[in-house]
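*Asks:* Here is how the chains run, residue by residue.
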Amino acid sequence: MTTGSRLRVMAGVYREYWRINILTTLEYRENFLIWLAFTVIYHGSAIAALWIVLTRFPSMNGWTFRDMAFLYGLWMLAHALHNTLFSTVGEVPEHIRDGEFDRLLVRPLDTLFQAIATPGQVFPDELILALITFGAAIWYSGVRIDATFVVFIPLIVIGGALIDLAFNLFISTVAFWFVRVDALRWIVIQLEQEFTRYPVSIYSQGVRLLLTFVVPFAFMNYFPARYFLHKAHEAASLPPEVGLLTPVIGIVAVAAAYFFWRLGLNRYSGVGH
Amino acid sequence: MTAAGPAIPARPRFRLEPYIQFAQKAMAREATYRFDVFTSVASVLVRVYLLRMVWVALYARNAAPSDLPLHAIITYTTVAMLMGLVMDIDQTRLLHDSLADGSIATDFMKPIIVPLYFFSDGTGEVLFHVMLIVPSLLLALLIVHIDVPSLSVICVFLVSFLLGYLVGFFLNFILNCIAFWTLEIQAVQLIVTWLTDLFGGEIIPLVIFPVFLQKVAFVLPFAAMFSTPLLIYVGVIRPDHYLQALGVQLLWVVVLALIATLVWRAGAKRIVVQGG
Chain U
138 MTTGSRLRVM
148 AGVYREYWRI
158 NILTTLEYRE
168 NFLIWLAFTV
178 IYHGSAIAAL
188 WIVLTRFPSM
198 NGWTFRDMAF
208 LYGLWMLAHA
218 LHNTLFSTVG
228 EVPEHIRDGE
238 FDRLLVRPLD
248 TLFQAIATPG
258 QVFPDELILA
268 LITFGAAIWY
278 SGVRIDATFV
288 VFIPLIVIGG
298 ALIDLAFNLF
308 ISTVAFWFVR
318 VDALRWIVIQ
328 LEQEFTRYPV
338 SIYSQGVRLL
348 LTFVVPFAFM
358 NYFPARYFLH
368 KAHEAASLPP
378 EVGLLTPVIG
388 IVAVAAAYFF
398 WRLGLNRYSG
408 VGH
Chain D
147 MTAAGPAIPA
157 RPRFRLEPYI
167 QFAQKAMARE
177 ATYRFDVFTS
187 VASVLVRVYL
197 LRMVWVALYA
207 RNAAPSDLPL
217 HAIITYTTVA
227 MLMGLVMDID
237 QTRLLHDSLA
247 DGSIATDFMK
257 PIIVPLYFFS
267 DGTGEVLFHV
277 MLIVPSLLLA
287 LLIVHIDVPS
297 LSVICVFLVS
307 FLLGYLVGFF
317 LNFILNCIAF
327 WTLEIQAVQL
337 IVTWLTDLFG
347 GEIIPLVIFP
357 VFLQKVAFVL
367 PFAAMFSTPL
377 LIYVGVIRPD
387 HYLQALGVQL
397 LWVVVLALIA
407 TLVWRAGAKR
417 IVVQGG
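As you go down the protein sequences, you meet chains U and D in turn. FYI, in the numbering used here the residues of the first sequence are 138 to 410. FYI, in the numbering used here the residues of the second sequence are 147 to 422.
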């Protein structure tokens, strides 16, 4: 098969994947609505908690609630983009456990692509919600919308989603060696959700280094927000322009995770069904 | 199946031993999931560390509230996280599970009081987790320094904690009873968990909420779960208000127990109707 026809086949499969997703969502409407309520309340209560704290304590290391809303909105958008496109990667360990995964190995398309395009009940509701929230946050924070903003924000959001994907893929790959990875995933998710909520500058040196170089969640929202909100005075060891590096970090992280995935795949021999 | 329903009670003479057995069995079952428990302890420690940094940053740049100095709020959050190890357990999941796989039908046929069976199973699960609080507490103390109040305050705190646990138990029980009607209750449970986190004062003390939200929070049952014991622990609720605070908690226990009874009866009747 030539690369062109292979890509055409993949595009067809991917279209079909979304068609099934949307049909499934329409089939289970009540279920969809209740999970939508879940998403709204999850993000709503996180934002409410920030608002309550910053009403009483107006400045968090120089960040106001308006700044924090931008910080949250940016993370939420990147995270929602990841959840919409790549949440299926997180189901790989389950498929390895129940043997479903072996079916992907004997089909003539890239295994990771197939894992991404395994239909379920995915719907872009969180993404739509995140776009609205981020739009409101842009307006509310009063950030200046110039050419750099318009060009870089979409790239930064994609880069942030890639950082998320890298971790999702990394954890799923660990399942090739250790079948149960739920605990590991839970810790990483919590680390991400709680630590990206506040400006990284409030953390101790060790945590700052960790979030910058080891688990680079700081690039999902903190560094870009620091650049666009002109918080140059803080965490002065790195220049504000690093906030524009998110897309690069995202690509590097995914490349590393993909390399690890290939290693795991080569080693994988099933769980014995 | 009709004859086995609780609507026609052939009530056996009450004996306590079976329920103690149920609790012991639940403890043994939980012990096989040790790794999950280590995960939750680890994540509590991470959150204690995180929230300490958050409060330090907030107190550094702003005027501190007079009744909650920095050390008090760090104590508050740390104790809240440790309480969460027990309170965040869904003690009545067994009810949902036996509705899902249909074993509820045979539960009704056994010579036991079924809700009490779920209660003792949940309590066994919780007791296992309580044993893990001790090592977590010691580890938490390595990360942060927390205040230790006088012995009498600790006693009142424990009473209040117990009442809060019962409020949580009945709330969970009511939620799991929804499974009599639909098994899709996971999202509802998660929503209630977050409402508890926020309006129960688990992450932010209710006393620093804006006034109108405080009013909302104090009329919801969630405050009786976390806020009351915690505010007793850090001394915001003074001894002359203990009776009132515990009274409100007790009121919530009674109200939720009544609702739980009604929902349970309605649900159990449904089982009989479907089965008969």
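Please keep in mind that the hints were generated in silico from the structure rather than gathered at the bench. We put the CB at the ideal spot given by N, CA and C, even for glycine. One or more hints might be untrue.
[To be verified] No farther apart than 25 Å at their CA atoms in a straight line, the calculated lysine to any residue pairs in the SDA-like style are these:
id, chain 1, residue 1, chain 2, residue 2
1, D, K256, D, E176
2, D, K361, U, T192
3, D, K361, U, R399
4, U, K368, D, Y205
5, D, K361, U, A284
6, U, K368, U, G401
7, U, K368, U, Y179
8, D, K361, U, I178
9, U, K368, D, L196
10, D, K415, D, E176
11, D, K361, D, I331
12, D, K361, U, K368
13, D, K361, U, A185
14, D, K361, U, A186
15, U, K368, D, A209
16, D, K361, U, L382
17, U, K368, D, V338
18, U, K368, U, L347
19, D, K415, D, I405
20, D, K171, U, G181
21, D, K361, U, A183
22, D, K361, U, S182
23, D, K361, U, Q330
24, D, K171, D, S249
25, D, K171, D, I292
26, U, K368, D, L162
27, D, K361, U, L187
28, D, K361, U, L347
29, D, K171, D, L288
30, U, K368, U, R234
31, U, K368, D, M199
32, D, K415, U, H180
33, U, K368, U, L382
[To be verified] A few chain U residues that face chain D, going by a derived Cβ cut-off under 10 Å, partial list only:
id, residue
34, A183
35, R193
36, E228
37, E231
38, W323
39, R334
40, T349
*Asks:* If a hint holds in the structure, say so; if it doesn't, say that too.
*Replies:* Here's how the hints hold up against the structure:
| no. | hint | result |
| --- | --- | --- |
| 1 | D/K256 / D/E176 | holds, 24 Å |
| 2 | D/K361 / U/T192 | holds, 16 Å |
| 3 | D/K361 / U/R399 | violated, 56 Å |
| 4 | U/K368 / D/Y205 | holds, 20 Å |
| 5 | D/K361 / U/A284 | violated, 46 Å |
| 6 | U/K368 / U/G401 | violated, 42 Å |
| 7 | U/K368 / U/Y179 | violated, 28 Å |
| 8 | D/K361 / U/I178 | holds, 20 Å |
| 9 | U/K368 / D/L196 | holds, 22 Å |
| 10 | D/K415 / D/E176 | violated, 31 Å |
| 11 | D/K361 / D/I331 | violated, 29 Å |
| 12 | D/K361 / U/K368 | violated, 36 Å |
| 13 | D/K361 / U/A185 | holds, 16 Å |
| 14 | D/K361 / U/A186 | holds, 16 Å |
| 15 | U/K368 / D/A209 | holds, 22 Å |
| 16 | D/K361 / U/L382 | violated, 46 Å |
| 17 | U/K368 / D/V338 | violated, 37 Å |
| 18 | U/K368 / U/L347 | holds, 21 Å |
| 19 | D/K415 / D/I405 | holds, 15 Å |
| 20 | D/K171 / U/G181 | violated, 39 Å |
| 21 | D/K361 / U/A183 | holds, 20 Å |
| 22 | D/K361 / U/S182 | holds, 17 Å |
| 23 | D/K361 / U/Q330 | violated, 29 Å |
| 24 | D/K171 / D/S249 | holds, 17 Å |
| 25 | D/K171 / D/I292 | violated, 35 Å |
| 26 | U/K368 / D/L162 | violated, 64 Å |
| 27 | D/K361 / U/L187 | holds, 19 Å |
| 28 | D/K361 / U/L347 | violated, 40 Å |
| 29 | D/K171 / D/L288 | violated, 33 Å |
| 30 | U/K368 / U/R234 | violated, 47 Å |
| 31 | U/K368 / D/M199 | holds, 19 Å |
| 32 | D/K415 / U/H180 | violated, 38 Å |
| 33 | U/K368 / U/L382 | holds, 17 Å |
| 34 | A183 | holds, 8 Å |
| 35 | R193 | holds, 5 Å |
| 36 | E228 | violated, 16 Å |
| 37 | E231 | violated, 16 Å |
| 38 | W323 | holds, 6 Å |
| 39 | R334 | holds, 9 Å |
| 40 | T349 | violated, 16 Å |
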